[in-house]
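Q: Spelled out from the first residue to the last, the chains are:
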Amino acid sequence: MTAANEPYILNIGPQHPSTHGVFRLRVAMDGETIVDMDMIVGYLHRSMEKLAEERTYTQNIPFTDRADYLAAMSGNLGLCIAAERLTGVEVPERAQYLRVIFAELQRIASHAMANGTLVSDAGAWQTPLLYMFREREKILDLFEMTCGARLTTNYMRIGGVAFEPPAEFWPALRELVDELPDRIDEYSQLLIDNEIFLARTRGIGVISAEDAINGSLTGPALRGSGVPWDLRKAEPYDVYDRLDFEIPVGRGGDVYDRFMVRFEETKQSTRIIKQAIEQIPDGPHKTQIPLALRPEPGEVYGRIESPRGELGFYLVSDGSPAPYRFHIRAPSFINLSLLRQLAVGSTLPDAVVTLGSIDIVVGEIDR
Amino acid sequence: MPPGPTQLSGHRVAERLNAALPGVVVTATDEWVEVAPARLVDALRWLHDSSEFDAAQLSNCCAVDRHDRFEMVYHLQSLDLNHQIAIKATIADHEQPALPSAYAVYKGALLQEREVYDLMGIVFDGHPDLRRIFLWEGFPGHPLRKDFLGLGNLTPGLARFPFEDRDRPDRIMNPAPLRHDASARAQNEQDVPDDWRGAAPA
Amino acid sequence: MSSDVKSRPATPMLREILEQPTLLGGIRSTPLPVRLGLAVFALGFLVVNVAIGVLVVSGRLDGHWYDFRDLGNATAALRSWLDDRDLGPWLSYWVTALIGGVGILSFVGGVLLIGTWVERRLLAKFQIRRGPNRVGPFGLLQPLADALKLIQKEVLIPIGADRKLFFLPPILIFIPAMLGWGPVPWAPNMAYLDVNVGLLYVVAISSLAVLAIFIAGWSSNNHYALLGAMRTVAMMVSYEIPVSLSLLSVVLFTGSLQLSEIVAWQSTHNTWLAMILPFSLFTFFFSSTAEINRTPNDIAEAESEIVAGFHTEYSGMKAGLFLAVELGNALLVGALVSTFFLGGYSLFGLEEWIPPYLILFAKISAVYFLFVWLRGTLPRFRLDQLMGYAWKFLIPLSIAFVGISAVEASIFARVDAPGLIVLGAIGIVNVVLTFVLVRAWARVVGYEVPRGEDTRPTLTTAVGGLRAAQRLRVTP
Amino acid sequence: MESTGIIVAFWVLAAVTVAGALGVIVSRDLLHAIFFLILSFLGMAGLFITLSADFIAVAQVLIYAGAISVLLVFAVMLTPLVSRDNGNSLYVAPGALAGLGLAALVVFVAVDTEWAQLSGDALAARSFPDTVATIGDLLLGRYVLAFEVASILLLFALLGAIVLVHERRADAAAGAADTPANREEAA
Amino acid sequence: MSVELGHYMAVSGVIFGIGIVVALGKRNAVAVLMGVELMLNAVNLLLLAFARFGAAFADDAAALSGHVFVVFVLTVAAAEAAVVLAMAVLVYRRRETVELDRINLMRW
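Which chain is which? The protein sequence lines are A, B, C, D and E, in order.
Throughout the first sequence, residue numbering follows numbering that gives the first Met the number 0, covering 0 to 366 in sequence.
Throughout the second sequence, residue numbering follows numbering that gives the first Met the number 0, covering 0 to 201 in sequence.
Throughout the third sequence, residue numbering follows numbering that gives the first Met the number 0, covering 0 to 475 in sequence.
Throughout the fourth sequence, residue numbering follows numbering that gives the first Met the number 0, covering 0 to 186 in sequence.
Throughout the fifth sequence, residue numbering follows numbering that gives the first Met the number 0, covering 0 to 107 in sequence.
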């Protein structure tokens, strides 16, 4: 609302309802339009990669909980996959199924959170968020049942999972999976065809497929732009190649497409979990591995499809029990590559919604 | 070491790369291709544009401190062909490391190279916005370097897991000797403070 | 957990509603003495009410000062008593003014306290939470506790704020919110400020709130606050026009600017203007949500964008006053919607039996519930969307409807047929016209309702990059 | 106009009005000046009410305090900080002289002249029954031509404001003035 | 003591005088407009006062003609404000100032 030659600087964050954590955007505005934007992160930087160099591979698993704290299971899984590839540890089949089940449950929980906060950013006064929280809550109950923790699960291990789920886990899981599609349909009535929501999200924050690929975007941000890329299909880990599911792909690459891709993915995840429950064999849940893993000197880049995209672990071993170099390829950090390009020229509400649709987790950005 | 399930053999990539851009490849193993740092961008652009490799996306890039040099590792991937290529570039200068920026080819390098600059101190020439990202301007040093905090010979790393027992092979995954300076390591093995010493320069 | 999934109702929401504890179940679970006590209480309540009903029907109350159906009678009686004592004309003025003022203030204050609780409870119900339930029975004292907490808080003034102006807005914004209640008639004789330009008065008073909001945003020395203030000012100025235009139709039919006359017109014609002027009702309601910052038009304090808008920097009781005014404005809009469109205190003759102010209060509560419901359901518009909606859509259509209702009002004044029939015909015509014109104008403006099928993601099992994306785009 | 209430009301309102107007002169900040001006407008509306002009009083609040002041605020906010001072120009001395002279003259004349006016009971008896209806009749009856001219004037003011601040797309680099504000001008 | 026509005229005169001071003495175009608005207000007060106290008026219609005049003045004031403020914004945009001393486009 001021003249063009007078920069109107707005600090969004580090404490702001729509930054989903301690994340700061420094925005130069002209009226409601953003003319320049700078992203300031690092408030949560714990130098995990440095700390990890002094811990064994197993000791590093809790760090992955705290990196992407909304998808701790996926973080665990990523590190385990990479470390198993480095050490050559075999994983029992039952453990692989358990991992798939928990990773997919985590995906549902994380997507519920992402979509709920996105709708909150669009202005719905927390109702969708709390509805999504209900589903997430049930999933976290399942986690608690299994490993005692809800958020920082630390459940997966190199060579399997830490615990066999208790007996009451399975009926609860079945009930949840039976009920979830109904619930998702119900939310779709509230949200997906809501005209205000459509007006706020259609055609906003459009990322073309070319930009998305070139900008290293992965996960729903990439799929929302119409690129059918999912590591569960492209490079199947665990038992994903035995399960029947589909990749949802957006049409225009806007905020709404990313939202809908997440919505659809939760449905596909329930499908996966249902099949996994059917197929899961009996057997050990874990390979016994020694306390100190001393992998051969070498390096490996292991990656999985986390709820936010390609979660990669680049591990370099020098033969000692600790990794020589431990690098996390954090999807929500790299997905921000295009944020400035998206935000500049759009209005403040649009930028907020766009940021929400990219679905950042500050723990993972800062590590 | 098995490369990833979809990772291309470094030899194959190196062969094609060398044919197109003679002299660009320094070494190649089964896993990666090491290119000359000065011509890194050329190599990346060629891989990006070639229809055979179609390395459309820079999946990951990070640096490894090898005590006397830096290794920059780029994991490229083709979504259409569903394969992965690992490219490395060695920076010999450990004091003032610099490398051309991959931003010209991959926009996704924007934040990743800023991160590497912040934590490793590698300067990327041609990067549009090279500032520290996680740490504040003026932070002393680059924490991911092995000589960070300047503790002389003491470098991070875990030479021996505390509960590890050389006499019971079932508690050790791989009792083979270490690659780096095995004799020195063997001497220090029982010395408790030096347990936390990392690998010495090769 | 172990219950049979198949035998239960289809949607989870329905299931949850059905599984709510019912009244019958609650009665069954209470112990017998309590049940007996409740029965005696209910019986006594019934008896007392029947007695009052008999009293009312017999007509013994009519016109007396103790006629509880219209507290205006009592005040009038007091005034005449004072005038008889010959104490000077100013005394009766002051006494009645004080009574009215205190009455409005205490009513609004009480309703604010209850309203906060109701809003929070209702939102909690919408959001499958419990809501305030700790302080007092059912958490009813929670608003009081909140107010106490807010009063205790330190007075913070941001550095660089305009200190003189910073203290004004919480008071300034409170004044119009209170003054607006003046002309609202609660019963035939029960209006504090029944001026003959009441409608215009309400519009004028509501336009004053802009200034308080602007001062708040400007004096805070905060960019969020200023942004929120500018948004508010822009919105209020543009939405005042549709509000005025929609009320113009009301005036055309009722032929008066006096609020009691408007209610009396609806009462004598046994109709609600909502049935005759549906579009005006919608315009008034929607524009009012924009003017008082309620969802879906709460962009002035859009918390996900500009934190709290113009009152970002206010803390303690000053913020409390802003919040109270926000709620009070919702109630005021409820009162105005009821008065202009829903028959005010009248309810098709029932106001003879039930105290009319209770009827009006019920209507206000209904509108207020609608506000809370909207808040619990809808996302927020963007500023440019809202402005575009006002200028491109509401204002042209409102002007069209002013013309239409002018024609209809003149027909109504000239046609010599029973009023109800003519009004019914007009109402039907207007409903049809609303649908037709809204559709047609939407097409003229170029707005298309998004279709659900176009928005669903494509499902595929093959992975790929750019080429696969292009392939998918060609053959979805 | 002899009852205590109206006398008190008159003096209070007159004081508020004049104080607001003086505040416009003395305040340094242009926005403060606008707020003083609004105070003056509101006091003026009160004076109108003491003159039994209820419709005009409400219209005064609606138009001056509600609309014109918002326009002023917008105009100030659309210009940058540096031009927000309320400084005096070279003409302040002659202006003050002229203004004070005129005010003194009018006050002197007003107080000193014997006006042919109603007063006392005659004035109280002469109250307007329904100002709104009569004004409406007059506007669409006796003064219909003036009414039409006024509406044309408003229309042209609207168009003029739009034309003045309208930016061609090419000029509107980086949205130098955003559309809502322009619309405000037009309003 | 009573309030009479003269009192209102005096208030009106004072406000008008202040309006002249503001309109002539201020540098900012917006402030000048404020002075003009003050003068218009003073005139309105005068018109209404005459309408109220005028003894010569026989009927309501004649008495309320003063009110009608005020309505016209209000209309003109609103139109004027809109146009002048649009001009101020425009002038600022072109010449980076709204100070009338420095806008000397039509000096000769």
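Don't read these hints as lab results, they were simulated from the structure.
Misleading hints may appear alongside valid ones.
[Said to hold, decoys possible] Label-pair restraints from in silico Cβ distances:
1) C:Tyr92 x D:Val108: 47 to 57 Å
2) C:Gly418 x A:Arg133: 47 to 57 Å
3) C:Ala461 x A:Arg133: 28 to 38 Å
4) A:Arg133 x C:Leu42: 25 to 35 Å
Beta carbons: idealized from backbone N, C-alpha and C, even for Gly.
Q: All hints are to be evaluated individually against the structure, with a verdict given for each.
A: Here is how each hint holds up against the structure:
1. C:Tyr92 x D:Val108: 47 to 57 Å: violated, 35 Å
2. C:Gly418 x A:Arg133: 47 to 57 Å: With a Cβ separation near 53 Å, glycine 418 of chain C and arginine 133 of chain A satisfy 47 to 57 Å, so the hint holds.
3. C:Ala461 x A:Arg133: 28 to 38 Å: Because 35 Å falls inside the window, the suggested range holds.
4. A:Arg133 x C:Leu42: 25 to 35 Å: violated, 42 Å
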